[in-house]
Structure formats: C-alpha cells, structure tokens
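*Asks:* So the protein lines, in turn, are chains H and E. Quick note on the numbering used here: the first sequence kicks off at 19 and runs consecutively. Quick note on the numbering used here: the second sequence kicks off at 19 and runs consecutively.
Hints are supplied without guarantee of correctness; some may be wrong.
Facing chain E, from chain H, some residues (calculated, C-beta under 7 Å) [what the hints assert, rightly or not]:
#, residue
1, ARG27
2, GLN31
3, LEU206
4, ARG355
5, TYR358
6, GLY419
Just so you know, the hints here were simulated from the structure itself, not pulled from any lab data. Predicted model, so just to flag it, every value in this text is computed and none were measured. Even for Gly, the Cβ is constructed at its ideal location relative to N, Cα and C.
Number of protein chains: 2
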Amino acid sequence: MQFTQGLHRAVQQTPHAVATVCQDRVHTFIELEDRVARLAGGLRTLGIGRGDRVCILALNSDRYLESYLALAWIGAVVNPANFRWSAAEISYSIQDSECVALIVDDQFAGHLAAIRNDCPTLRTVIHAGDGAVPDGAHSLDALVAGHAPIADLGIGGHELFGIFYTGGTTGAPKGVMLTHLNITSSALSLLAEGAFPDGAVGLHAAPMFHLAGMMMTTGLLLRGGQHVMLPMFRPESVIDLIESRQVTDLLLVPTMLQMLVDFPGIRSRNTASVQRLLYGASPVSEALLDRTMAALPTAALSQVYGMTEVSAVMTVLPPLMHTPEGRARNRLRAAGRASYHVQVKVVDGDDRELPRGEVGEIIARGPNVMQGYLNKPDATVAALRNGWMHSGDMGYMDTDGYVYIVDRLKDMIISGGENIYSVEVENAVARHPSVAAVAVIGIPCAEMGEKVHAAVVLRPGTSLTQDELYAHCKSLIAGYKCPRSLEIRASLPISGAGKVLKTELRKPHWENRERAVS
Amino acid sequence: MQFTQGLHRAVQQTPHAVATVCQDRVHTFIELEDRVARLAGGLRTLGIGRGDRVCILALNSDRYLESYLALAWIGAVVNPANFRWSAAEISYSIQDSECVALIVDDQFAGHLAAIRNDCPTLRTVIHAGDGAVPDGAHSLDALVAGHAPIADLGIGGHELFGIFYTGGTTGAPKGVMLTHLNITSSALSLLAEGAFPDGAVGLHAAPMFHLAGMMMTTGLLLRGGQHVMLPMFRPESVIDLIESRQVTDLLLVPTMLQMLVDFPGIRSRNTASVQRLLYGASPVSEALLDRTMAALPTAALSQVYGMTEVSAVMTVLPPLMHTPEGRARNRLRAAGRASYHVQVKVVDGDDRELPRGEVGEIIARGPNVMQGYLNKPDATVAALRNGWMHSGDMGYMDTDGYVYIVDRLKDMIISGGENIYSVEVENAVARHPSVAAVAVIGIPCAEMGEKVHAAVVLRPGTSLTQDELYAHCKSLIAGYKCPRSLEIRASLPISGAGKVLKTELRKPHWENRERAVS
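From just these sequences and the hints, can you work out the full model?
*Replies:* Dropping the structure here:
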C-alpha cells in the first residue's frame, strides 16, 4: 500500500467528483492529481528526492493535502510540524530530521527568519499561501503552474512516509517514524469499521499535522471521499461548513468537541447532514458525550483510541456502544475493542498478560506500529520491547475485550499510597452542572506525597467552590479520590493535538521538586 | 498482520461465540484456540517448525481450519492441495515444495501409499479424519488431546503463509508463494467493502484449499464470524445448512452458483437468512445472475475478481451494481472496480496504460501480490515484470474505473484475423432458454485458423440444434462470433476451483496441433 493509492483509485473511478474544498477553491480528483503531479515535478526540479525530509508548517488547506501527496509521490519523507510549537521547537524537529526543505503558509511565514537561522540543512523554502511570497522562497502555485506532471514513483510499503514529532510541549520531542504501510493499514481498518463510507464529505477540523487528522486524510483518500478544509478550528466555522458543504463526517478531539457542542445556538443551526463523528486522542467524559449526542443528534459516534506510535488506531468503540444499550453495559466509558489490523493486550511490568479487569499497561502489535523514534535508539528499544508498542497508558480489559483507560502512567496520582486515576476524578468533576472543562492533577503534599487538585473551566454564568465540588464528587467516588483543592481558570492549556497539557498545569506546583512518576 | 490475528481477536472479544460448525461438532472461539494451541504443540513435538512446508489434502472441515491456524501459529508454511488432482499431481506439489508432513482426511487416505512412495521428504503423516488412523500416521485429535497449548510465535507480515498450486490440470503446476500480509490485506479490504459484517454466519461451500475459500476463511476470522463447514459441495446440502444454521453469507464459484440456483425446489425452501453472496473466480453470465437473484432474493450480490497470484482480490462489483440501476448502466457485465488495497490498470504489451475502453492485459500492484512462483524464477520475472502482476486476463476499463473481462488471453479465439472473446459468445449462448451451462472454445479450421465451437449442457427436458443456436446468437452478436459447431454434453469438465477446464474441452480437437495462443 502507498499513501497516494487512494488518489489514483479516485481518479480512476470518480475523476470528476469533488476532492477538495478550501475557502472558495474547489478541485476535482483529476484536478488534484494534476496539481500533485506538477508539484512533484517542481519539487524534483528543486533537487528534492527520495528519502529527503521536508517539513510542512501550515494550517489545514488543500495545499497541505497536495504537499502530502506530492512528497509521497517522489518518495520524500514529510515532517508535519505542530504549528502550536515555538519556532525553536520547530527548528529542533527540522534539525533532528535533517529537513532539506520547508513548506510554509502565510500564517507561519513570520517564523521563517528564526528557522532559517537555526537550521543549516534547510536549503529550500516553498510558500503554500495566498499572500506575498517571502524572500528566497518558491511559490507552491508557481511550482504547480511551471512544471509538467511527473509519474508517481510508486513508493510505499515499508518505506518511510513521515516523521511525526510528539511531546514537544511535555519534554524532549520525539520523531515517530511511520511507513506507508503503518498509515494505510490503520486507515484501511477504520474503513472496515465503517468509517467514511461511499459518498462521505469529511471536514478537516482537527489539524492535518496530527495523526488523528492523518486518519481522516488517509481514510477519506482511500474511500474517495471529499475533503473540506477548515484552516483553524472555531466552532462557528465548523457549523458554517457543515451547513454550506453538507458535511457527513466529523473527526474531533475532545476539546474541539466541547467547544462545538457547547457553542451557543448550535441547536438552532442545521447540522442534520452529519452522519458520523469520530472522536479520540484523549479521554472524554460521559457528560460531554451526553451533550454531544444532544447537540448533534443525527451523528453516530465512534471513539478511536490510539497514539502517534500506532498510527492513531488501536481500539474503536462503535456507534452501538453509544446507545442506551451500550450505556447500560457500561460501555460508554470504554475506549473500544482492538480494531481488525492490530493486537492489543494489558500487561504487567514484565509484559505478562493480566487477567481481565486488572489494571496494567496497554500494549499493541501490528502493521500500524512505528519503526521507532528517530535518533533515539534507547527510547525506541524501551517503547518497542518484546516486539510490542508500550503505550504508557494504564487500563484494563473487560471480558468482551473492551479496553478502559484509567490514566496515562505519568498522570496517575499517588496519594497516601493509593493509586488515583485522574480520568476517574475528571469524570466525576465533569458531571457537576457548572463544569465546562476539567483537568485533575497531583500536586505536592507533605503528608500524602501528592494530593488531588482540580483545574476547572466554568460554564458561563455559573460558580463553584471547593466545598461544593468536594461534596459533589464525594457522592460519586471514594473520598480519597476527591479534589482537595480547586483552581478556576478561563481556559486549560491545550496541545496542538487538542490534549490538555497537564505538565503545564503541574509546573507552578512542582517547581524545584521531582514527581515520583514522570 | 498475521493469519492467526482474527482468532486472537475473537477469543478476546467473543470467546463463547460459535467459531466452527462441522457435522455435529460445534466449537466456540475459546475452544478453537485451545485446540489450535495444542495441535501446534503436537506439530512441534513431531519436529515441524518455522519455515517447514506441510501439505493439507482434505475436504472442508473444522480440522482444516484448525490445521491452517496451527501451522501459522508455529510459522510453518501450508501447501493446501487441490483434492481434484491425481495423486501424481499432488505428489508433484509436495516434492516441489519439499513438504515434510501431510495432513490427510478419510476421503483421501487412499492416496497415501502412492504419495509416500513418490515423496522422500515426507516424513510425517497426520490423519484429520473420523475413521481409522492409517498405518504410520498420527491422529490430529490425539495430537490435540495429548499436548499442552503452546504460545503463538507471532509470525506474520512478510513471512510466507502458504504455497498455493495453480494450473495443475492445464499445464505445469505453479506454486504461488503468499505471505501473511498478502492474504490478510485482501481480506481486510473485503471487510472494508462490507463483506462478512458483525454477526456473519459464513458457509464454507467453496473448497478451503482454494484462494476464494481462503478469503472466506480469513475474512470471517478477521471479523470474528461463524464458520459453517460443508465437506463437499452439493446443492441440497447447501440449502439444508442455510436452513439449519441460518447462514448469512455465501461465497460460491459460478459452477456452484449454477447448480444451486437451478436445483429443483430451492424456491420452496427457506433461504431468507442469506444476506450476502460473493461470487467470482470465473466469468458469470447475466442469465445466471438473473436466476440467482430470483432464487436467492434476500441476498445482496457482490462479485470479486482476482486470482491466486493477487490473493484472490483485485476488483469488487458491489451490490448496487446488481440492481436495475446498475444493470441500466451495463455494470452487471463488469467485474468491478479496484478494491481499496490494490492498484489495477489495463495495459498494452509494453505495459503502457491504455485509454478507457481499449482491450489490453489487466495488471495489479499492491500488498496482496504474490512473492513469486516457487522454483520458477523465469515465470516469476515474467508475471511480475515492472513490479506489477500480469494477470493474463484481457479486459478494458470504463470511464468510472469498472473493469470488464473479455477473456483469458489463452481462451481468446482468433478466427479469420478477428479476435473473438469466448466470454462474449458464452453470454449470448447462455441467454438461450435451453442452456444450463456453456463453454466456448476455438477449434482448428483450415480456412479461418480457428472457428468458434460451443460445448453446452442443456436444461432438463429441452433440446437445441446448431441452427437454432446460431440463429439465437446472430440476434445478439456479430455473425463471425457465432458458434459454427455445437457439442451437447452431460456436464462440463470443472477444476477443483470450479472453473471450466477449457484445455480439456480443446484437447480432442487440437491433438498433435499447436494453437497460436497458448
């Protein structure tokens, strides 16, 4: 399998169907293929070839998809940068992966001087924007216009597709090496799960640099669906595009989900075209799922649980488990069951499989598992020991194979010798009617080692005290798990992938101290 | 991906669901896993290990599936013998692939002496039957009972799963080498096409040694469906099992389809549980499809076109194209469109892609393409030239990517300088109300080189003359394509895979002569 395969199939079968919609630009599949084949010719003329690494730093757009395709076309390897990172962090990823070129849009052209200064290997800059072309850069549209189409080199399988950097805001960034087979096997398994069926119109609301977005990119491509591009997530823009483009398929990370379904007035808008909603990438409270089902009543919900290192897909919780039947079986709290392409187990510290119901680390094996972390042989060996990817997530499996995530290993709170899973506490806090969003962390405590601390964003016009929150939680979970302190915030710090950055929340509390788990 | 993956998934998710039904034996997935893990232990004790080749010569049964799984469990490579072959042909495949062991059932134990005599590498015989264990053989059930379960070695991906012999009755048999990834990628793509959905009860009516049967085996395993075993195809047995086991999914080759839907009284039986019918492996006339839809009105039909060398799946014609809408667009005559995992093209003799509508050779590329023919480097290089599998099938592609097979390259008739596709003539002949089955071949003709000859099986109580047939065909196709001679037969010679053996039909006409195309 190769990443460009879906484009070839769509050109063969539905050449005149709409492939991409971006602002006022609409391209059919045959037009997209023509642009990609010409851009590939342009890249080759610039001396970019098989195995060369190329960074993309851009908001979602049709040109982002064209860049992905054109790089794969000539066997170049993409480094899709997290645009929430600082220029220094992006420079690190460019240097670590020895990128020879950077594709940048208007939004991030301001980083150019700093990046050029930091990155001696970077010899080419391509501007994928509508504004003025920066000095010394090549215009992507001019490359398309100025070159004849070249043939796809047909590179795929075990060759590298991309290097995806993770963890930039939580510690040393690691470049996750993923092949064409890694990416496409996850996407094909999602299709077998029923994602993006024939006629799908998918909205790229999640950032395309992220593996969740990559699953929409690759899955939609394989099925031959339509890509509607949203440059930057805003709830009203999502609703506008649902209405104007009759979007059928959404893929959202939980923070986006929360902002969308709590957006005032969503119920007065016509979202009835939305047939399916994939969500994942971090834990979701049942309260938020309830609000989602109320706000988007036509959408069949599926959760996908995974991470960059497994090409985003480990387990899938199908729509049936989001119905009252699934809820009655406690399945709404599950992350789903192993998808078709991957094997999933819960193991102890010695990689022995645990009995069902016992909490351990979740590990996975399959064609979707990364080749390793670039330039990090020790981290690679640790993550892939015994041939399985060690997720760093703690969870258990029930008798029907449903996986329940209890926490990230490093987010687990150890208080008075008890393991407290922050996700369980968050679920309890989230059920309070005043709570719009919550993150629970451990903060230092002289007596207990750590104590439970809640950072909360309130819903408009509400209030909450520590005593009210404690009493609310006490009615739902054991007393030792209930928050001992409360911090009301205007927002939570969010990663580019929409995950709450608990390291950021912990930082002021832990200055000059070291956590037992990190 | 590994072949045993679906079993592990099913054991994890639905351990107590029925896995196999064979005669009066019923096993759940956890029972199947236990039997497989013990059989694997037994095989290991017999000295069979990773990379060793093992032949299976048996009718469909639960023990056939257990053998497939246990061999994959320890990394052995299977040679599933075509049981319609002579002992000499089977011995050839055993010698060519250097099998160290043979798994044989009651039906074929009679071949043992001859095979043992021919095959010096064969040191172990395992009896997978209910009758007396042949001298010197080990009982499969005793191996299961007498050994502790061993762990799956986890072998998959690019390691060899099996060597599948093709062409045994048409010329020198060739061993097609297929990996775990080859087999599972085709099966996963079929799932993405909607085959074998959750809750599927599949009937193994096609022989399990054949790649079509292998797709039901692997697809059902991946989805966790139920395997109902039919040892040998008989129409009334198929109907009995549909009724008694509430079969939802059928996979049939055209000759089986014809025998089933023309079986007297099928319409008085309850076949309403059948929701899906996959057919393929050789051309099907529209007339037969009409009778199929009338006889099995609840079944959504899909055609799968492929061959052993591409792990059975190249194109799929979905149910929609079997409706009046599809028929109006002439799609019922198509073999389908490229499935998700594979790229398909129609090319000229120099592998240049032809414009839509022009007839050329159909070629394919993807994770499903074989590694080559065992011990046949020249044939391998010829088949896989330029990295694409050359199917030997002639066809064209329409503007929507639908592939239409016009003939096997070697079945095409060249008459008076005109290319005549036997399939087109067969479609015309099949529309005559007296015709139950037909095969059209070229026979020697002093003036024209070849002339068109029809071998026909009549429907009960009907008759047909050459003049009547010619007049019928002349009303449908050009005169030069119409049969010049007619042969009424009780049956057509059929391969183990259910294909009509045109070489057998041609033989008496071509003795001591050489065809231009062969």
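*Asks:* Each of the hints needs a verdict: does it hold here or not?
*Replies:* Evaluation of the provided hints:
1. Interface hint status for ARG27 of chain H: upheld, as the beta-carbon distance to the closest one in chain E is roughly 6 Å, under 7 Å.
2. A cut of 7 Å between beta carbons decides the hint on GLN31 of chain H: the least distance to chain E is about 3 Å, and the hint holds.
3. Evaluation of the LEU206 of chain H hint against chain E yields a held restraint, the C-beta minimum of about 6 Å falling below 7 Å.
4. At its closest, the beta carbon of ARG355 of chain H sits 5 Å from a beta carbon of chain E; the interface hint therefore holds under the 7 Å criterion.
5. Checking TYR358 of chain H against chain E by beta carbon gives a least distance of about 5 Å; that is within 7 Å, so the hint holds.
6. Interface restraint check for GLY419 of chain H: the shortest CB-CB distance to chain E comes to about 3 Å, inside 7 Å, so the restraint holds.
Against the hints set out earlier in the document, no violation occurs for any number.
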